[in-house]
Amino acid sequence: MRFPQAIPVIGLLIGLASVSPQPARAEPFPLTPPERYITDIAISEDTHAVVERNIRATILTGLRRFDWDLVKLGLSPDFLGRFPALGDGRTVDDDLLTVRRYAPSELDVLETDRFIERLRAHVGSWVSVERASWQAFEFLLEPTRTRAFARVHIQLGGPDSAGKRSVIDATLAVQVVEDTSGQWVIRRLDLVDGTRVENPRPPFRDITDAVGLHFNRSTANNALRQDIADTGMSLIDSALSVVDWNGDGFWDLLATESTTHAVLFLNDGKGGFSRERLPVQTDPLIPSQFLFLDLDGDGLEELVSSRVSYRGTRAWIGISTRRDGQWVFLPHAMAFDNPRRVTRNDGQLITAGDVNGDGRVDLFFGGYENNQSRAAGRFNRVQADDGDESLLFINHGRLRFTEESEQRGITGTGYTLVAQFFDFDGDGDLDLFEGNDWGRNVVWDNRGDGTFRAVHDHPLAQDPNNTMGVTIADWDNTGEWSIYLSNMYSHAGHRVIRLTESVGDEMHARLEGIAQGNQLFGWRPGTGEWRDRGVPLGVNEAGWAWSCSFYDLDNDGDKEVFVTNGNASHQDPEAPDF
1 MRFPQAIPVI
11 GLLIGLASVS
21 PQPARAEPFP
31 LTPPERYITD
41 IAISEDTHAV
51 VERNIRATIL
61 TGLRRFDWDL
71 VKLGLSPDFL
81 GRFPALGDGR
91 TVDDDLLTVR
101 RYAPSELDVL
111 ETDRFIERLR
121 AHVGSWVSVE
131 RASWQAFEFL
141 LEPTRTRAFA
151 RVHIQLGGPD
161 SAGKRSVIDA
171 TLAVQVVEDT
181 SGQWVIRRLD
191 LVDGTRVENP
201 RPPFRDITDA
211 VGLHFNRSTA
221 NNALRQDIAD
231 TGMSLIDSAL
241 SVVDWNGDGF
251 WDLLATESTT
261 HAVLFLNDGK
271 GGFSRERLPV
281 QTDPLIPSQF
291 LFLDLDGDGL
301 EELVSSRVSY
311 RGTRAWIGIS
321 TRRDGQWVFL
331 PHAMAFDNPR
341 RVTRNDGQLI
351 TAGDVNGDGR
361 VDLFFGGYEN
371 NQSRAAGRFN
381 RVQADDGDES
391 LLFINHGRLR
401 FTEESEQRGI
411 TGTGYTLVAQ
421 FFDFDGDGDL
431 DLFEGNDWGR
441 NVVWDNRGDG
451 TFRAVHDHPL
461 AQDPNNTMGV
471 TIADWDNTGE
481 WSIYLSNMYS
491 HAGHRVIRLT
501 ESVGDEMHAR
511 LEGIAQGNQL
521 FGWRPGTGEW
531 RDRGVPLGVN
541 EAGWAWSCSF
551 YDLDNDGDKE
561 VFVTNGNASH
571 QDPEAPDF
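Per this note's numbering, the sequence shown runs over residues 1 to 578.
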C-alpha cells in the first residue's frame, strides 16, 4: 500500500479516542502523547498539512537562510526544549567518519535563546544548509484543535568551506500550538534520539559529464521530462547494469529505458566512456532490463531481454547471441503459451540460477502486471493477486529453453518487482525469493530436483511490504548471510494508522508492516531462522526505497548498504513525495 502525503488512505471517520485523562505532569519532559485526540483522519491530516507549512516557512526556511529571527518566529514565547550541543553525547568508533550519538537523558532544558544558540553552533561552520527536512510520523490533534503532539524525523546537512560535510539526524517529540494570529508554532521540543555525522573529506565527486556518462538529452527534453515527473503520473521502467562487454578487463555500463532507448557506455580504460550501439535498437523491443551472461557454455555472453512479444496464444522472449563475431537476434528463443486476453506484459526483472543441478543456467522472469491488471473492484493494495504470471525457463543447452513455471510449482499472479536465487534453508540447492509490490513476498523452496513449494510462513514472506529491492551478503563478516529488502517507509502511513481504531488487529498489523520500511534479515546460528533486525539497527527508514546493494564503501573490510530512492524528483524540493 502506498500512503500519499496528507491524503486519507483509509476512509474511516471516527470520533475521539476517549480514555480517562491522567493528571498533568509536573515536569514537561519527556513529552507524552495526549490521552484524547481527534481520530477523524481528514481533519487531522488537514491540520497537519497547515502545521508543516508553518514550520517550513519559519524554522526550516530560517535555517537555510541563517535567519535566526525567522527561526524564532516558529517557537512560542514560552518555548522549552531539549537539544544537544556539539560536544554532547558519545563518540562512535569509525575509521572514516566522526559520529556522535545523542541521548535525551544527558540533556538540559533550554529556553528559546539557548536553543537557537545550539542550532547556530551545529550549522555555524557551514557555508550553506543544503538539507533541512521535517517529516512527522505521528500527529495527534487534541480536541480543542489548537494543540497537537507529533513525533518527527528531522535532518540538517551541509558543507563547510573546506568541503567537510555534516549531517544531523534526529527523532523529536514536539508539542505544537496555534497562536493568536492563527500560526502554528512549537511550544515543547524533546530529543528522542539523534546522531551527528561529519565526513572530513568528500568520499565522491560528480564526474558524470567529464567521463561522458550521459544521454545527450537537450535542455528542452530535460525540461519536458521534469514537467512530466512533477505531475506524479510518470513511471519509467529502467535499469543499469555493470558488465565487461568486450572482455578487456574494464567495467562497462549498460543503461535501458523501457521502449525508449538503450545505451552501452564502453569503458575506454583511460577514465572515460564512449557510447556504443547495442544489438537491440528497435524501440518496442527495448526492455526494462537486459541480462548479460553465458547461456550456452561457449565462453561468450548472451544478451537476454525482458521484453515479451505476443501473437494470439503464443508469446516470445528474445536472446541476442554472437556467431562468427557478429551479434544475431533470436526473437523466438524462449516461447510460451499466452492467455489470449493478455497483450501487454510489464515484466520488471530477470534473474538466473541452476535450479535442477544439471550445470546449465536457467532463467526466472518476474511478472509484474499486464493489460488486465488493476481492474476496478478487484485490485487490492494490501494483497493484490491480479498482476502477471512469472516465468521459469529451463535451459536444455544450445539456447533451447522450455517454460516450466507451473510444472515446477511456481504459480500466482503477484506484482513481482525483484527476485533472487539463494539457498535460504542451507540444504544445498537454490531456492527462490520473489519480492512483490502490493502484497506478501514468496519464498519458493527447492525440493532438490528443481521443483518448488511456497513457504507461506517464512519470515521473509509473512507481511505485505511493497518490496522493490533485495541484496544478500555477509555484511558484518560473521560467516552468516544477511538479506536486505528495500520496501517503503511512509511517514504519512504511520500517522494515519494511529488513527484507525476501528480496523481489526490483523489489518492493523499489516498496515504497520507496510509503513515500517526496509528490513534486514539475519540468519540465526543453530536455529536456521531468519530474524528481522532492520528497526533496531536503524536501516528501516530509507524513504520510498527502490534498489539496494551491499558493498564496501570505505574499503574497511565490511559492507555498507546503499539504497536508492524514487518518486522524490519534483523540481520544488519542498513539494511532498508522491
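Think of the hints as simulated: they come from the structure by calculation, not from any bench.
Please note that a few of the clues may not be correct.
Straight line, CA to CA, 20 Å or less: simulated EDC-like cross-link-like pairs of lysine to aspartate or glutamate [unchecked claim]: (1) Lys559 to Asp532; (2) Lys72 to Asp40; (3) Lys270 to Asp296; (4) Lys72 to Glu117; (5) Lys72 to Asp244; (6) Lys559 to Asp505; (7) Lys164 to Asp113; (8) Lys270 to Asp244; (9) Lys270 to Asp248.
Label pairs and their computed distance ranges (CB to CB) [unchecked claim]: (10) Val382 to Arg531: 19 to 29 Å; (11) Phe292 to Ile207: 22 to 32 Å; (12) Asp558 to Leu213: 20 to 30 Å; (13) Trp251 to Ala352: 31 to 41 Å; (14) Arg201 to Leu240: 36 to 46 Å.
All C-beta atoms in this analysis are idealised placements derived from N, C-alpha and C, irrespective of residue type, glycine included.
Structure-based check of all given hints:
1. Lys559 to Asp532: 18 Å, holds
2. Lys72 to Asp40: At roughly 31 Å apart (the allowed maximum being 20 Å), Asp40 and Lys72 break the hint.
3. Lys270 to Asp296: Given that 20 Å is the threshold and the Cα spacing comes to 32 Å, the pair is violated.
4. Lys72 to Glu117: 11 Å, holds
5. Lys72 to Asp244: 56 Å, violated
6. Lys559 to Asp505: Violated: Lys559 and Asp505 sit about 38 Å apart, past 20 Å.
7. Lys164 to Asp113: Given pair Lys164, Asp113 is violated - Cα atoms ~28 Å apart, limit 20 Å.
8. Lys270 to Asp244: 15 Å, holds
9. Lys270 to Asp248: 12 Å, holds
10. Val382 to Arg531: 19 to 29 Å: 24 Å, holds
11. Phe292 to Ile207: 22 to 32 Å: 24 Å, holds
12. Asp558 to Leu213: 20 to 30 Å: Given about 28 Å between the Cβ atoms, the range holds.
13. Trp251 to Ala352: 31 to 41 Å: About 19 Å separates the Cβ atoms of Trp251 and Ala352, which means 31 to 41 Å is violated.
14. Arg201 to Leu240: 36 to 46 Å: 27 Å, violated
The structure fails to meet hints 2, 3, 5, 6, 7, 13, 14 from the earlier list, while all remaining hints are met.
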